[in-house]
Every structure is written in C-alpha cells, then in structure tokens.
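Peer 1: Next come the chains, spelled out residue by residue.
Protein chains: 2
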Amino acid sequence: MFPQTIAWKDNKVVILDQRRLPAEEVYLECSDADMVAEAITTMAIRGAPAIGIAAAMGLALGALGIAHKGFPPFYKELNAIYATLKATRPTAVNLHWALERMKGVCVINREKGVETIKELLVNEAHTILKEDIDINKRIGRHGKDLINDGDAILTHCNAGALATGGYGTALGVIRSAWQEKKNIAVVATETRPLLQGARLTVWELTKEGIPVTLITDSMAGYLMQRGEIDLVIVGADRIARNGDVANKIGTYTLAVLAKEHKIPFYVAAPLSTFDPTIKTGKGIPIEERNPDEVTAPWGHRIAQEGIGGRNPAFDVTPHRYVSAIITEQRVIRPPFEKTIEQVLGSTWQIDRSSPC
Amino acid sequence: MFPQTIAWKDNKVVILDQRRLPAEEVYLECSDADMVAEAITTMAIRGAPAIGIAAAMGLALGALGIAHKGFPPFYKELNAIYATLKATRPTAVNLHWALERMKGVCVINREKGVETIKELLVNEAHTILKEDIDINKRIGRHGKDLINDGDAILTHCNAGALATGGYGTALGVIRSAWQEKKNIAVVATETRPLLQGARLTVWELTKEGIPVTLITDSMAGYLMQRGEIDLVIVGADRIARNGDVANKIGTYTLAVLAKEHKIPFYVAAPLSTFDPTIKTGKGIPIEERNPDEVTAPWGHRIAQEGIGGRNPAFDVTPHRYVSAIITEQRVIRPPFEKTIEQVLGSTWQIDRSSPC
Chain A
1 MFPQTIAWKD NKVVILDQRR LPAEEVYLEC SDADMVAEAI TTMAIRGAPA
51 IGIAAAMGLA LGALGIAHKG FPPFYKELNA IYATLKATRP TAVNLHWALE
101 RMKGVCVINR EKGVETIKEL LVNEAHTILK EDIDINKRIG RHGKDLINDG
151 DAILTHCNAG ALATGGYGTA LGVIRSAWQE KKNIAVVATE TRPLLQGARL
201 TVWELTKEGI PVTLITDSMA GYLMQRGEID LVIVGADRIA RNGDVANKIG
251 TYTLAVLAKE HKIPFYVAAP LSTFDPTIKT GKGIPIEERN PDEVTAPWGH
301 RIAQEGIGGR NPAFDVTPHR YVSAIITEQR VIRPPFEKTI EQVLGSTWQI
351 DRSSPC
Chain B
1 MFPQTIAWKD NKVVILDQRR LPAEEVYLEC SDADMVAEAI TTMAIRGAPA
51 IGIAAAMGLA LGALGIAHKG FPPFYKELNA IYATLKATRP TAVNLHWALE
101 RMKGVCVINR EKGVETIKEL LVNEAHTILK EDIDINKRIG RHGKDLINDG
151 DAILTHCNAG ALATGGYGTA LGVIRSAWQE KKNIAVVATE TRPLLQGARL
201 TVWELTKEGI PVTLITDSMA GYLMQRGEID LVIVGADRIA RNGDVANKIG
251 TYTLAVLAKE HKIPFYVAAP LSTFDPTIKT GKGIPIEERN PDEVTAPWGH
301 RIAQEGIGGR NPAFDVTPHR YVSAIITEQR VIRPPFEKTI EQVLGSTWQI
351 DRSSPC
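Chains as they are written, first to last, in the working numbering: chain A, 1 to 356; chain B, 1 to 356.
Hints are not guaranteed to be accurate.
As the list makes no split between identical chains, a pair holds if one copy fits it or if it spans any two.
[Stated by the list, open to error] Computed cross-link-like contacts, DSSO-like style, restricted to lysine-lysine with a CA-CA straight-line distance of at most 30 Å:
#, residue 1, residue 2
1, Lys86, Lys182
2, Lys12, Lys144
3, Lys282, Lys259
4, Lys118, Lys144
5, Lys76, Lys262
6, Lys76, Lys112
7, Lys103, Lys262
8, Lys279, Lys262
9, Lys181, Lys103
No lab work stands behind these hints: they were computed from the structure.
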C-alpha cells in the first residue's frame, strides 16, 4: 500500500507534512484555505498532482467558510481564495488546472444556490483526488511494459504516492512493474536542495519493499558511465505542447546524461500536466525559491553568511531528450508536437468550450 | 593572500582542519606520522597536491621519531610509515608521487648517516611545499589567458589554496585572472557529499573578494542551458597517459554538460598529477567512502537508517570531453596522448632512472 498524502476529514484538509519525513509522520490539519495555501507554499505538500488536489480541497474548504448567501458576493470571495491558492507556486500547471476545474463547477451551477454549490465543490475535490489515483494506476499499467526484468531504474526527486493523490506517476510505473514481479532496483538521487529523493522516495519505496539505493545528484553520470543504469523515469510539473518538460531542478542534467549514454529517458505524467496554452518550454515560468535552501539547509549553514546563492526549483528538458511520455491514455512518443496533439486534442476542445 | 593549509612548525605538522570550515578556523597539530595519516584519511586535509605535501611532511615527521642509528633498521621503520601514509587514500597520485620522491632522497643518501637523512627529509618536504606554490602560480599564469573579461566560470569541489600548498590549481587560474583585473564571476557547485564547494571554495574566494555564487550540483545544467556559464575549470586527482582525468565525483557530469553546451572544459593540474604508469582512466582506482557521508551528512540523517547508499569519491572524465589541461609547463591540448608524452617525456625518463 501507498502512503496517503492528503485527505478530507470532518471538513478539514489533512496533509502529511512532507518536510518532516522520514524522521516523523506528522499530519497538518488545515481548517481554512489560508492554511492549505501555506502548506503548499512551504512544501509541506508538494508534487504537481498533489498540489492540484490540495488547491482543489483548499478552495472547497474556503467555500464552506464563506457566509454570503447570494451568488455574486459568494463568487467574489471565492475568487479571492482562488487567487491566493493560485499564487502559491508558479510552475506546476496541475494547480491551475484543478482550480479552473473547481471554478467551472461553481460557474456552471450558479443558479443552484450557494449551499448546493458548496456541496458540489467538496464533491468535485473528492473526485479530483479519486480520479488522480485512478489515473496514476493507468499510467503505471502503460508504463510498466517499458521496464524489463532486471532493470536498474534511476529516478529523481519524488514522483510517488507522496507527490500525487496516491500511487504515484514515475513511482507508479515502478510500483506496477514491481507488482508484476519484475526483478527491479531503483537508484534515487537525493535531489538537493530539499532532498525529496533522499527523504521521500527512499521512504516510500522502502515501505513497499522495493530495493532502492541512494546517491547524490552528482553520482548519476558515474553510474551511467559504468552501465549501472538501464533507464531514467521522472515525473513532470508542466509539459508544453511540443513535449518540453518542466520538472525538479536537475532533471535536465539527467536527461543530457541519459542521451549521452543512450539510456531511455521517460516522463510519467497525467494529461493535466500538459499546458495547451504553452507552445514550448521557454514559456514555462520557473520558480526561484529562497537561496537559504541552498546555503543553509534546515538552518544548518554550509556556506558563510551573506554569500550569494541561486535556487531555481525546476528546469526545462527540451523534448529532444525525452524518449517517451507515459500518460493515463497511452505512451506518447516523438514527434511529440503531433502525438501530444493527437492524445489531447479532444480534451482541449472540451476544456475550451467549457463555460469557465 | 591565500589561506595556509599546511605548515611545518617546531617539528610538528600544522594542518588547517577543513572539516570545520567555514564555521571555524581550527588547526590540528600533528606530532607524529599516524596523526598526519589520520588527518588525510578523515579529510581534515584534502586535495591531491595538499595530501601529497601532507604525506611528505608526515614521512619526515615519522623519520624524526625513529630511534635507530643504523640505516637498515631506520629504513625498515621508515618503510612501515611510508606504507601507512600511502594507504590513506587511493585515488590521488600526488600522494604516491610525493612519498616516492621522499623515499628517493632517503635511498640516494643512505651513506650519509641517519641524522643527515632525517634533516634532508625535512628539507625535501619543505621543498615540495615551496615548489607546489610556485607550480600553482605558473599554472595560473598559463591558464589566465583562457579566461576572458566578463566570463562566468563554473568550478567544482575545491581546487584552491586549501587543496594545495597554496594559491590553488583551478582557483589559481581564477586568482591569476582576477589579479590581472579581469572582471570575472565564479559559480561554485556545492559538491555533495562533503560540500567542499559550499564550505571551502566559497570561503576561499570570498576572502579574496572574488564574486562567487553557490549552486547545488544539480543546477549546473540549468545555468549552462541559459547561457550563464562561459567555461568550466576543475582540478584533478590523477590523469592517465591518454588524458583521462579522475577528479571529484560529479566532474564527469559537468564535462558531459559542457560538451552538450559547447562550453570549454579545462583541467588545471601540476605534472605530479599525471600517472605515467596508467594508460587510460580505466586503470585509476576510485575510492568508495562510507555511504553515511551521503545518507547522514554530519550526523544529520536525511534518509532512514539501514538504507543502501553509494559513495564513490571520484569519477573519471574521458579525455574527449577535456578542452585543455593547464600545467606548470604549458597548456596541453588534444591529441593528449601525443601532447602529454611531449610535455612529460623527459620528466618520466628522469624518474624512471632514479635509484628509488
């Protein structure tokens, strides 16, 4: 079984505080939308699909707290909450996607009255969570055929149950292969600065009994050079229409290394991670976080005070480095501009014609 | 001015304890060879040229402590100390080179009596230190012409004054360019697991007033992709006859990234870092250190107990990724098999005919 990152319980959003893993399993109980927004910003919860779900639940929670009975003032206040949640983190598009979907429910049902809308919003947030787990299992089913018995799989950051509603994207593919009794081993990069690989991926895979070895980010090239890695699989925070992939900082380096060593480089992501409004990776905003995460991780100074540091949280891997993108619908291969359009064409048309 | 890593003082070897930088400047006073060996093994002192000097001083210190008056028992005991010092770390060849040179002094002068030999060994260790600083300044003079005004220079680990007798190899080149008033900026990778970039390079460059920005190892690709890096310069722990370069883990990844982005990749190293006995990088032994340095740095566990980790301390960059090697004699360019032979041919012949 996989850990549960986020749940709705007694009109509260309960979040497993990932900042404290693996040392402690502590749950945050968010009783209003601001607390959810804070949990996203501070990365108590992270991972593109997971923060989409958190934002949806945050908006539902916010809706419950609005006292107005009439639609216009209710909607105005809901929009302010929407804006707060949307501003938490800029790169992962799932967050915008989930918020748009929630807003759509509100707008479509505007005639049904505020109390009904509140109920529908809570239901929709539940649906998004439930769907996400189902989507990940479908990603796993499609992806597992790309993994051979005996493979050593390199993964970066955490694209697991913790990063999603459950099961995981990249780790979902690994989980599926493992459940099919494939004899696999995972190499997890620690993923500086916030060490999601060391803290979360290792924890999650170990819970499931999947063999995992931890390395620093700088060791990936060494292992590939020695033939110790058979494939790379990562998640994604946003994918442009041409297949360029934004994901955790360091992903691009792994993709370059994979190409140099002729190792397949796979991305596992739900269709909600694709951004139809963005043509290439150049259009994806990259979050720059506080350099203290680099220079003084967890308050422990590793470089002297006052020193300049950079802290881009993501990078963009151009599509030419990507062997395939594993979605819930199917495995997409180059030429991505064409295949992405094929897979998402109908979905986008539906989205574009929706009243939100 | 540059910091002094190692000195001989009142028949003690005084070592700046680099494990405690940048928080504290603490000096270890080693009164016997075992203490010096311990300082090398535990990386209180590190960097290929610096541990060569430390080993030479350790052997001189060991010689002083031998009570025997006759050469045969003196030489037997010296050989045991030699073996202890040689076994401290396997990858950097400078350590072997310095110990062989010291042993040569002993053997050549065997007829002069033990007391004279002790004096000569202490002198030789001083000479090795003095020569190393001079060599680094010459490396700097040759290398600075490869740096243009306005360049952003990426460096990995610490190949600075701290890694040598003084001035530094890679940082010596940067220092030379800076002293010539070139307007340069350095980007230092933190260099996990032991963070020599964050702790040592940042400290050393800041002391000199050279602008430096700290990044995680995983951010190098991102900066290169954005055109924010003009060249890469690193040190070396051992160079094979064909130009393959062993250096701190992560160097190979930077070399692959540099090639992908058509950025020059330079190695700065003294001739003592070349190993004429090794034809290609495949012959270079790679030290595997305790995985705790990865899973629980400085006692702070980042992944749960019992998890497997890898910890190769070095990797090998094949010569095809190296734009040039900057030595004290001149800048060596491909084809390295030929140019390395040209530069070192005579040196090697002298070495081979020496009585040690």
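Peer 1: Give a verdict on every hint.
Peer 2: Hint check results:
1. Taking identical chains as interchangeable, the C-alpha atoms of Lys86 and Lys182 are never at most 30 Å apart, the minima being 40 Å within one chain and 45 Å between chains.
2. For the homomeric pair Lys12 and Lys144, neither the shortest alpha-carbon distance inside one copy (36 Å) nor that between copies (62 Å) is at most 30 Å.
3. For a Cα distance limit of 30 Å, the shortest separation of Lys282 from Lys259 qualifies both inside one copy, at 21 Å, and across copies, at 22 Å.
4. Proximity of Lys118 to Lys144 under the C-alpha cut-off of 30 Å is found in neither arrangement, the shortest distances being 39 Å within a copy and 68 Å between copies.
5. In the homo-oligomer, the alpha carbons of Lys76 and Lys262 never lie at most 30 Å apart, since the shortest distance is 53 Å inside one protomer and 52 Å across protomers.
6. Taking the shortest Cα distances, Lys76 and Lys112 sit within 30 Å of each other inside one copy (17 Å), while across copies they are farther apart (96 Å).
7. Taking the shortest alpha-carbon separations for Lys103 and Lys262, neither the intra-copy value of 44 Å nor the inter-copy value of 47 Å comes in at or below 30 Å.
8. Taking the closest pair of Cα atoms, Lys279 and Lys262 come within 30 Å of each other both inside a single copy (27 Å) and across two copies (26 Å).
9. In this assembly of identical chains, Lys181 and Lys103 lie within 30 Å of each other by CA distance neither inside one copy nor across copies; the values are 42 Å within and 58 Å between.
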